[in-house]
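Enquirer: Residue numbers (this note's numbering), protein chains in the order written: chain V, 1 to 218; chain P, 1 to 218.
One should not assume that every hint holds.
[Unchecked claim] Straight-line Cα separation of at most 25 Å, DSS-like style, residue types lysine-lysine; simulated pairs:
(1) V:K56 - V:K18
(2) V:K56 - P:K211
(3) P:K148 - V:K148
(4) V:K155 - P:K148
(5) V:K153 - V:K113
(6) P:K119 - P:K184
(7) P:K196 - V:K184
(8) V:K148 - V:K184
(9) P:K56 - V:K56
(10) P:K153 - V:K155
(11) V:K184 - V:K196
(12) V:K155 - P:K56
(13) P:K153 - V:K56
(14) P:K184 - V:K196
(15) P:K9 - V:K18
(16) P:K153 - V:K148
(17) P:K9 - V:K56
(18) V:K148 - P:K113
(19) V:K155 - V:K9
(20) P:K155 - P:K56
(21) V:K196 - P:K196
(22) V:K113 - V:K196
(23) P:K153 - P:K9
(24) V:K148 - P:K184
(25) V:K56 - V:K153
(26) P:K56 - V:K153
(27) P:K148 - P:K18
(28) V:K155 - V:K184
(29) P:K155 - V:K56
(30) P:K184 - P:K113
(31) V:K9 - V:K153
(32) P:K153 - V:K153
(33) V:K196 - V:K56
(34) P:K148 - V:K153
(35) V:K56 - P:K18
The hints are simulated quantities; they were obtained by calculation from the structure and are not laboratory data.
There are 2 protein chains.
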Amino acid sequence: MSQEKNPTKNDAYNAIQKQIQEGELAPGDWLVERDLCDQFGLSRTPMREVLWHLEKDGLLIQSPGRGFRVRELNLQEIMEIFQAREAVEGMAAFLVSHLHDQAFFDVISELRKELESLKDDELQETGPQIGARMHSHIISHANNSILKGFYTKLKNMYSLTVNITRRSREIEMVSRDSHLAIMKAIEDRNGELAEKLMREHLRETCRDITKIFYPNLI
Amino acid sequence: MSQEKNPTKNDAYNAIQKQIQEGELAPGDWLVERDLCDQFGLSRTPMREVLWHLEKDGLLIQSPGRGFRVRELNLQEIMEIFQAREAVEGMAAFLVSHLHDQAFFDVISELRKELESLKDDELQETGPQIGARMHSHIISHANNSILKGFYTKLKNMYSLTVNITRRSREIEMVSRDSHLAIMKAIEDRNGELAEKLMREHLRETCRDITKIFYPNLI
DNA sequence: CTGGCTCATTGTGTATACAACTTAAGTCAA
DNA sequence: TTGACTTAAGTTGTATACACAATGAGCCAG
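Could you build all of it, start to finish, from the sequences and the hints given here?
Expert: This is the structure in structure tokens:
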């Protein structure tokens with residue numbers, strides 16, 4: 001779902017994606033084709049194409065005979081997402097460390113300085129934004145469209161938990177140090193270290209999110 | 001496309017997949033919906049669903065307004081596939097090394113002994129089979145359905161090149177040593193080493209295939 | 001001979017009608 | 001009261017007809 005000419009199908013895709021990611025449509029909610037057709041002015045055939053694309057991208061699940069519903073995640077699946085992110089983003093961090101593209105490293109350097117110089121009261125809001133930009137910048141410059149596609153799906157699925165997860169300030173502090181270390185390693189062209197740190201960072205984030213879901217565990 | 005009750009849609013999916021993987025349908029070939037409908041006794045709506053699933057799984061490409069054709073791979077994309085396999089299968093090798101499931105390690109041990117004891121004249125035919133079983137066994141027991149889904153897509157895409165690639169006996173010899181080393185590391189519960197060896201093995205295989213496509217390169 | 005235009009053919013994109021299935025409510029009997 | 005059975009409403013699965021876009025052949029002009 002990217003290079004369509006017809007605007008309505010894209011509109012429908014983006015609108016539903018937005019509704020899911022903003023929590024308007026909750027995990028488990030059923031989507032009724034007929035209602036969506038009325039809502040977006042499409043007939044059922046193209047509407048179902050949109051729904052299939054949303055399923056492919058990890059946001060919906062199709063139950064044969066019952067239709068589509070918003071994907072639900074259990075703890076096991078959340079851990080699987082983070083393991084997969086370790087594999088995909090770890091590899092991406094390794095790959096970008098060996099680039100010959102000064103502009104890429106300049107942006108990493110800027111992001112690092114920006115994050116370093118954040119005041120305590122800016123950290124909670126701006127910290128995660130810079131982190132997201134870092135992750136996105138790394139995967140975008142790994143020059144591997146397959147890994148990027150995997151990342152997109154994983155990020156979509158991860159967004160299904162964000163509505164529940166309100167990450168605490170302490171977690172964000174930890175993420176800051178990890179992000180700084182990752183960017184430092186990339187700037188040093190140390191691919192092995194960058195990959196190792198990226199994976200530790202994601203494993204740590206996974207643990208933190210797990211704690212929020214199941215505070216008594218571990 | 002897995003747990004459908006209706007047989008015809010599954011039949012169509014499997015038949016087209018088989019035709020592609022056996023070279024009956026070559027990369028770049030166009031698929032005409034109407035013909036496929038006649039061939040499988042389906043109407044266009046469910047037929048298109050099948051085609052979308054095949055696209056999702058990496059075997060077809062949809063050109064808006066032109067229809068579906070069998071995916072074509074250039075050298076860049078082949079390298080991307082192997083980088084992604086490094087990430088996915090490397091992580092899987094790491095994960096299985098920390099399992100507490102004796103039956104899994106027993107199978108690995110059996111596969112290793114089977115491969116070790118192959119005579120020279122059996123190696124060309126049986127060697128790749130054992131290798132494929134090893135890769136499949138590892139990803140299946142990593143307990144991560146997301147990684148397994150990624151692997152399925154990568155293997156589908158990789159199969160698009162196999163018709164062209166007739167791997168030489170020497171390459172298979174090298175693969176044998178790599179496979180043996182990987183299985184040894186897993187049996188020793190050495191996850192870091194297993195992952196490292198898996199990645200080296202895939203990087204090597206990628207180089208070998210690249211040489212077949214572009215003998216003058218490198 | 002070549003370049004561009006027209007028009008017919010072919011195939012996909014969409015809309016809609018009908019069939020089959022799932023679900024849930026309501027009824028009757030134990 | 002509870003259990004199973006019947007039945008009806010609603011939703012998805014499928015088939016088909018029509019609209020539109022792309023392609024290629026043939027023709028004409030330069």
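Enquirer: Sort out which numbered hints this structure fails and list those numbers smallest first.
Expert: 2, 5, 15, 18, 24, 33
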